[in-house]
Amino acid sequence: MQLSKILLKTLRENPQDAEVESHRLLVRAGYIQKLASGIHTFLPLGLKILNNISDIIRLELDKDDVQEILMPVLQPVDIWEESGRSKHFGNELPAFLVEGRGGNFVLGPTHEEVVTKTVSQIAESFRNLPVSVFQIQTKFRDEARPRYGLLRTRELIMADAYSFDSSKSSMIETYSKINGTYARIFEKLNLNAVAVEAVSGAIGGDVNHEYMVPSPIGEDTFVKCQNCGYSANVEAAVHNGYGTKEEHSVDKNLEQVAKLEEVFTPGNGSIEEVSAQLGMDKSQLILAIAYTTEAGQIQIGLIPGDRHFRLQPGCTLLSDDDFAREKPLVKGFLGPIGKIDLGYKVIADLTLKQNRHHGFVIGADKENYHFAGALIGRDFEVSAFDSISVAQDGDMCQKCGQNLELIRAVEVAHTFQLGHKYSGVMSGATFLGQDGKLTPYYMGCYGIGVSRLVSVIAESFHDEKGLKWPLSVAPYSIHIVPLHMKKNKEVQDRIEDIVTLLASKNISFILDDRDLSPGVSFKDAELLGMPFILTVGGRSLERGVIELKNRHTNEITDIDFNNLEIIANKVLV
RNA sequence: CGGGCUGUGGCGCAGUUUGGCAGCGCGCCUGCUUUGGGAGCAGGAGGCCCCGGGUUCAAAUCCCGGCAGCCCGACCA
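Heads up: the first sequence begins at 198 in this note's numbering, then just goes up one per residue.
Hints in this document: simulated from the structure, not taken from any laboratory. Incorrect hints may appear among the rest.
Claimed, not checked - List time: in silico DSSO-like cross-link candidates among lysine-lysine, alpha-carbon distance up to 30 Å:
| id | residue 1 | residue 2 |
| --- | --- | --- |
| 1 | K683 | K720 |
| 2 | K385 | K442 |
| 3 | K206 | K662 |
| 4 | K374 | K385 |
| 5 | K746 | K720 |
| 6 | K550 | K596 |
| 7 | K245 | K260 |
| 8 | K479 | K563 |
| 9 | K702 | K746 |
| 10 | K563 | K524 |
| 11 | K206 | K260 |
| 12 | K479 | K550 |
| 13 | K456 | K596 |
| 14 | K683 | K634 |
| 15 | K374 | K683 |
| 16 | K720 | K767 |
| 17 | K662 | K746 |
| 18 | K260 | K202 |
| 19 | K365 | K634 |
| 20 | K260 | K385 |
| 21 | K456 | K563 |
| 22 | K231 | K662 |
| 23 | K662 | K202 |
| 24 | K767 | K202 |
| 25 | K202 | K746 |
| 26 | K245 | K596 |
| 27 | K542 | K528 |
| 28 | K550 | K245 |
| 29 | K245 | K767 |
| 30 | K260 | K284 |
| 31 | K245 | K374 |
| 32 | K528 | K563 |
| 33 | K702 | K202 |
| 34 | K524 | K542 |
| 35 | K596 | K365 |
What the hints assert, rightly or not - Computed Cβ-Cβ distance ranges for the label pairs, DEER-style:
| id | residue 1 | residue 2 | range |
| --- | --- | --- | --- |
| 36 | V717 | D214 | 24 to 34 Å |
| 37 | N747 | P241 | 22 to 32 Å |
| 38 | V460 | D403 | 41 to 51 Å |
| 39 | V770 | G598 | 36 to 46 Å |
Note that the coordinates shown come from a computational prediction; the quantities given were computed from them, not determined experimentally. Glycine is no exception: its CB is placed at the ideal position from the N, C-alpha and C atoms.
Work out the full structure, taking the sequences as your base and the hints as a guide.
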């Protein structure tokens with residue numbers, strides 16, 4: 198391919214609205230163009246990256262008999278009412294709604310409903326199961342805050358797979374197989390993606406994993422135990438409280454030192470305010486949070502004031518209306534004393550077991566007052582200790598007792614065991630079993646953010662000069678820079694030899710046939726980031742060589758032009 | 001959805017305070033010269049100064065109202 202024919206304009210200056218390096222480079226190198234916030238065009242080079250990623254995904258899923266289909270973007274709202282998810286529109290599912298003839302539609306933010314309808318019309322018998330399908334398609338989500346180029350967009354390309362099994366054990370088997378496929382895909386993409394336990398959110402289901410690529414531009418954080426390998430998104434991570442690095446001296450005479458006394462704390466009772474009023478560290482305060490469980494029971498969670506509460510899936514925080522109804526609970530001054538007797542369950546974070554240095558400050562259950570010097574077991578009881586605060590760096594691993602590490606990362610994929618979440622509520626999503634009974638499918642779903650991966654790879658592979666695409670996704674393997682080709686017959690001849698060779702070896706390349714000064718060609722080649730840059734110029738031809746630069750290592754190798762085959766060996770490795 | 005900043009040729013910006021010819025750099029076009037790391041000279045094209053209303057002899061500039069983009073927060077499959 199000749200560079201002059203590509204729809205491409207490289208920019209010397211950084212676009213004003215790009216905040217991170219991958220975004221700047223993708224725009225400057227002419228891979229993507231923004232149309233509106235979170236909405237982009239893939240230019241020819243960008244589309245090649247995207248297609249190469251898609252091809253890897255296709256190839257690997259196909260190996261595991263996951264079959265490609267293409268579902269509609271436009272989905273009738275009816276099916277979302279059937280699954281019960283239309284209530285999520287605007288909140289967890291910021292969908293684009295469209296009015297149409299004969300009803301309202303949604304621009305597909307995800308496809309569980311559609312695929313359930315699709316497969317249920319075909320797979321009627323256990324003999325048809327298990328079966329898995331996938332598609333690669335644009336999804337629409339009206340993100341509140343698009344960011345970082347392709348990292349968070351309102352229009353995104355996703356590879357989403359769905360599995361249908363006849364039993365739970367078979368579903369688990371399929372789940373594990375497809376997770377293996379995902380691991381292979383990320384390996385081929387040269388990405389170090391870590392599968393972590395996660396919360397399932399609006400997609401639903403119980404067991405689920407996110408694939409995280411550690412990166413400073415990540416919007417997620419996961420914990421990882423370097424000892425036993427336990428890893429989980431902080432939204433789902435459990436821990437055993439402070440780890441070995443954390444000092445927490447317990448006063449030997451705690452029972453004498455800590456005296457329960459009422460203190461005046463006028464205001465809204467916030468942790469900030471009370472710790473300032475009493476001159477105490479936030480960790481000495483206990484934050485009590487009331488929430489309703491999935492079963493409708495009200496519980497009270499206790500965590501240290503310097504930590505964040507981790508709301509369990511299915512639970513919701515008490516609203517002001519709820520507080521008005523639950524008379525014993527005083528918002529802002531909620532405390533644990535006597536709550537078990539009133540029938541509330543009181544769950545204390547495991548950190549509170551360790552951290553009772555001088556007694557805690559707790560809410561006094563009346564406006565403008567707290568108690569100081571409170572001890573668990575003496576002044577109030579708890580129903581249970583559990584891990585209900587968000588993990589912090591250095592916390593203790595619940596599996597092995599070692600310290601957890603916090604890692605910032607980008608979520609590139611998410612897999613779910615859905616079970617009967619959709620098949621159980623949507624009509625006809627059943628198969629006839631060997632026993633002659635109708636049973637709902639055991640489903641799973643699996644999504645990879647294809648367009649997001651372009652940004653993630655760019656962020657992982659670049660330097661100050663430009664991009665450095667891995668061979669597996671690069672638009673072209675070699676970028677040929679001829680110097681003064683128009684004037685130098687020998688350069689022309691050598692280029693012809695090289696082009697013939699590369700074509701015969703099926704090695705893709707672009708040839709910079711523009712008649713520009715060498716500096717511009719070199720800069721563009723580095724910016725565009727093909728894995729190899731081949732320089733053909735008079736100076737090195739006099740020595741009988743051409744120069745092959747590995748863009749990843751920036752190493753330059755002289756290639757004898759009587760032995761051009763070496764290029765193929767270098768590139769095909 | 002709250003707070004802040006910004007909208008001026010394709011890109012990056014100045015001009016707005018104090019109203020008075022629409023500017024600069026890069027890029028683009030033509031010609032000549034140049035040629036191993038973003039060349040030089042000469043000539044040229046390209047603008048609804050985000051949109052709407054108002055004040056004024058006169059508005060990119062002042063006033064009112066919108067819209068869009070970016071950042072922080074909230075939210076997030």
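Going down the list of hints, with the structure as the test:
no. : hint                    : in the structure
1   : K683 - K720             : holds, 20 Å
2   : K385 - K442             : violated, 37 Å
3   : K206 - K662             : holds, 16 Å
4   : K374 - K385             : holds, 17 Å
5   : K746 - K720             : holds, 13 Å
6   : K550 - K596             : holds, 18 Å
7   : K245 - K260             : holds, 23 Å
8   : K479 - K563             : holds, 20 Å
9   : K702 - K746             : holds, 19 Å
10  : K563 - K524             : holds, 11 Å
11  : K206 - K260             : violated, 39 Å
12  : K479 - K550             : holds, 16 Å
13  : K456 - K596             : violated, 36 Å
14  : K683 - K634             : violated, 77 Å
15  : K374 - K683             : violated, 55 Å
16  : K720 - K767             : holds, 23 Å
17  : K662 - K746             : holds, 14 Å
18  : K260 - K202             : violated, 36 Å
19  : K365 - K634             : holds, 16 Å
20  : K260 - K385             : holds, 14 Å
21  : K456 - K563             : holds, 19 Å
22  : K231 - K662             : holds, 22 Å
23  : K662 - K202             : holds, 24 Å
24  : K767 - K202             : holds, 27 Å
25  : K202 - K746             : holds, 24 Å
26  : K245 - K596             : violated, 44 Å
27  : K542 - K528             : holds, 17 Å
28  : K550 - K245             : violated, 55 Å
29  : K245 - K767             : holds, 22 Å
30  : K260 - K284             : violated, 38 Å
31  : K245 - K374             : holds, 29 Å
32  : K528 - K563             : holds, 9 Å
33  : K702 - K202             : holds, 23 Å
34  : K524 - K542             : holds, 16 Å
35  : K596 - K365             : holds, 26 Å
36  : V717 - D214: 24 to 34 Å : holds, 25 Å
37  : N747 - P241: 22 to 32 Å : holds, 24 Å
38  : V460 - D403: 41 to 51 Å : holds, 44 Å
39  : V770 - G598: 36 to 46 Å : holds, 44 Å
When the structure is compared with the earlier hints, violations turn up for hints 2, 11, 13, 14, 15, 18, 26, 28, 30 and for no others.
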